[in-house]
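Visitor: One-letter residues, chain by chain:
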Amino acid sequence: MDSKVSIESISDEKLAKAVQQGDLASFDALLKRYYEKILRYGNKFLLGTQDIEDATQNIFLKAYRFIKSYNSTRKFSPWIYGIAHNEFIDLGKKSKKTQVVFFDDEEFFPYIAVDDSAQKDISNLEVKEMLNSYLDKLDAKYREPLVLFFLEDLSYKEIAQILRLPLSTVGIRVKRAKQKLRDISAASHGML
Amino acid sequence: MNNSNDKIQQEILEKIKSGKINASPQVFLLWRDIFWILVVVLLILSASYFASFILFITKINRLWDLLNFGTLGFKDFLLYFPWPFVFIVLLLAWLAERFAWRYSFAYRLPKLYVALVSLMLTGILSLIILATPLHLKLFEFPGIGNLTVSGKFYRFFGDYRPDNFYFGQIIRIYPNQFILKLQDDKTLIVELSKSTVIYGSKIKTGDLVEVLAKNDHGLEAAYIKNY
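So the protein lines, in turn, are chains A and B. Position in the first sequence (first residue = 1) + 13 = the working numbering. Position in the second sequence (first residue = 1) + 24 = the working numbering.
Keep in mind that the hints are not guaranteed to be accurate.
Computed, partial: chain A to chain B, Cβ under 10 Å [what the hints assert, rightly or not]:
| # | residue |
| --- | --- |
| 1 | Gln33 |
| 2 | Lys45 |
| 3 | Thr62 |
| 4 | Asp67 |
| 5 | Ile102 |
| 6 | Asp103 |
| 7 | Lys107 |
| 8 | Asp117 |
| 9 | Tyr147 |
| 10 | Tyr155 |
| 11 | Gln174 |
| 12 | Pro179 |
Please keep in mind that the hints were generated in silico from the structure rather than gathered at the bench. Yeah, the Cβ is synthetic: ideal placement off N, Cα and C, and Gly gets one too.
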């Protein structure tokens, strides 16, 4: 890759392909693009957990180690967020911030898929405000899809790929998470 | 970007440049995928083997026939059914499902569907295994007196049935009792009473019958099924 200007205009997917061929400068560019996003995702997902920086470092080292498993015909962001999800889940288990759930009806039963664009248009700003105020009141399983959807601007399809869940489960989880946020917000304002 | 983040990013790059972290070759990733697929296949095959074993062994020890003999038979059926093997089948199928979760064909579907597909696959494969002579050969080979571990295993569960449940041929019949010749050539006197329930045609010498006695100690028949 020749210059900083040209590297910034290259897509994530092309950069990842260049990394697969041994180009470290492209990895540096991806690192710059994603480091803070992944760190923010970790901080929002595992609120108040220590070692998120170390975990983020591990995520990028793993990404480099397994870069050849990335399929460059698909989007890069779900792939790197997928590695981050696994790393943060492990960290969450160690620090007891996430729970091991043996049965989860949202993952077990089929649900009708909900359109994500409609969900976003209705209350994007409202949810973002509530997220900033009440994120710590939500369970990790609801917090994570909300963070990915509203703060990281990923689609349901990408979130489904990251969390390894059916699309409809992501839809139902975001819907329930929003409802929980509204309830928490209403309760804190003495409306319930 | 703050200095701390910048420093960590530099550390990451340094680790890569120093050769501490290397990109795994494609072939390693391919073998890793093949390994996990083989694990899933082996787990499904093992679950199918045990499921077919349950079907085979409950046919050999005639456990399903107990369901014809009222509440007494139903109670014995529940007591003697090889539940640990059912648990093993479910555990293996569950593990297969868990390991298949690495792949998008599994995690894109609700777990209910994946569980149903996994159980259906196990069921179909177990019926295929049951149609082969595998279990029968393991059960009969190498013959009594020189049993292998698998032979002992099969014989143990083949004979695992209630002590008051018999199958044999009537060799002599009396007004209130008959003599039953069992599969191991032993004979047994079976008492008949007014409360004895007989399914099928009236019993006579030469008939093959199943008998469920009222308790382990006496031989008063509660139920008889004539074949």
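Visitor: If a hint holds in the structure, say so; if it does not, say that too.
Guide: Verification of the supplied hints:
At its closest, the beta carbon of Gln33 (chain A) sits 8 Å from a beta carbon of chain B; the interface hint therefore holds under the 10 Å criterion. Below 10 Å, beta-carbon pairs count as interface contacts, and Lys45 (chain A) has one with chain B at about 7 Å; its hint therefore holds. Hint on Thr62 (chain A) is violated. Least Cβ distance to chain B is approximately 17 Å, over the 10 Å limit. For Asp67 (chain A), the suggested interface contact is upheld, since its CB lies about 9 Å from the closest CB of chain B, less than 10 Å.
Here the hint on Ile102 (chain A) is broken, as its CB sits about 13 Å from the closest CB of chain B, past 10 Å. With a least beta-carbon distance of about 15 Å to chain B, the hint placing Asp103 (chain A) at the interface is violated under the 10 Å criterion. The closest approach between the C-beta of Lys107 (chain A) and any C-beta of chain B is roughly 20 Å, which is over the 10 Å cut-off, so the hint fails. About 8 Å separates the beta-carbon of Asp117 (chain A) from the nearest beta-carbon of chain B, less than 10 Å, and the hint is met.
Annotation: Tyr147 (chain A) was flagged as interfacial toward chain B, and the flag is violated, the nearest CB pair being 27 Å apart, outside 10 Å. Hint on Tyr155 (chain A) is violated. Least Cβ distance to chain B is approximately 18 Å, over the 10 Å limit. Taking 10 Å as the C-beta cut-off, the interface hint given for Gln174 (chain A) holds, the closest approach to chain B being about 8 Å. The interface hint given for Pro179 (chain A) is met, as the beta carbon of that residue sits about 5 Å from the closest beta carbon of chain B, less than 10 Å.
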